[in-house]
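Please take these sequences and the hints and turn them into a complete structure.
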Amino acid sequence: MRLTTKGRYAVTAMLDLALHGDEGPVSLADISRRQGISLSYLEQLFSRLRREKLVSSVRGPGGGYRLSRPSDQVFIADVVDAVNESLDTTRCSHKGDCQNGEMCLTHHLWSDLSDQIHQFLSRISLADLMNKREIQAVATRQDGQVRDDQLADTINTERLEDQAPA
Numbered sequence: 077m078r079l080t081t082k083g084r085y086a087v088t089a090m091l092d093l094a095l096h097g098d099e100g101p102v103s104l105a106d107i108s109r110r111q112g113i114s115l116s117y118l119e120q121l122f123s124r125l126r127r128e129k130l131v132s133s134v135r136g137p138g139g140g141y142r143l144s145r146p147s148d149q150v151f152i153a154d155v156v157d158a159v160n161e162s163l164d165t166t167r168c169s170h171k172g173d174c175q176n177g178e179m180c181l182t183h184h185l186w187s188d189l190s191d192q193i194h195q196f197l198s199r200i201s202l203a204d205l206m207n208k209r210e211i212q213a214v215a216t217r218q219d220g221q222v223r224d225d226q227l228a229d230t231i232n233t234e235r236l237e238d239q240a241p242a
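Under the numbering used here, the first residue of the sequence shown carries the number 77, and numbering increases by one thereafter.
What the hints contain is simulated information worked out from the structure, not anything from laboratory work. Among the hints, erroneous ones may be present.
[Stated by the list, open to error] Once the Cα atoms are required to be at most 30 angstroms apart in a straight line, the calculated DSBU-like pairs of lysine-lysine come out as: (1) Lys82 - Lys129; (2) Lys171 - Lys82; (3) Lys208 - Lys129; (4) Lys208 - Lys82.
Written out as structure tokens, the structure reads:
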């Protein structure tokens with residue numbers, strides 16, 4: 077099984093949205109800054125997440141995204157499925173043609189593993205992750221880094237303005 081960047085980033089972005097959603101709509105630019113995911117990639121992911129009704133968009137100044145349902149009702153499998161990420165551990169995409177067009181000896185083993193992974197992720201909600209102390213600590217660190225970066229940018233801008241000829 078290989079969960080690609082698409083699935084990982086989608087889960088990360090949705091968790092960030094859930095963590096910061098109580099402050100109002102969350103901009104993709106803010107998620108991008110905190111999580112180090114390109115804005116254009118987030119736009120693609122959120123287009124799919126919106127289509128699957130996991131998020132809703134808020135237009136205008138102060139706009140961004142919100143979860144479409146409470147965080148305890150958004151499961152990790154929903155997010156992975158929404159971005160068309162495969163959790164398939166078979167080599168044949170469940171078709172059963174893994175060995176020269178025929179089913180291989182271990183096809184059912186890998187197929188069952190895929191099902192178990194999906195079931196596992198179907199039992200973990202964004203709220204479950206938000207309640208983990210380790211995740212809260214990482215979110216606090218990321219928020220602090222973003223604030224520090226913004227402060228440094230403000231100070232550097234002020235210095236440039238002070239040095240500008242009158």
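We went through each hint and held it up to the structure:
| no. | hint | in the structure |
| --- | --- | --- |
| 1 | Lys82 - Lys129 | holds, 18 angstroms |
| 2 | Lys171 - Lys82 | holds, 23 angstroms |
| 3 | Lys208 - Lys129 | holds, 25 angstroms |
| 4 | Lys208 - Lys82 | holds, 23 angstroms |
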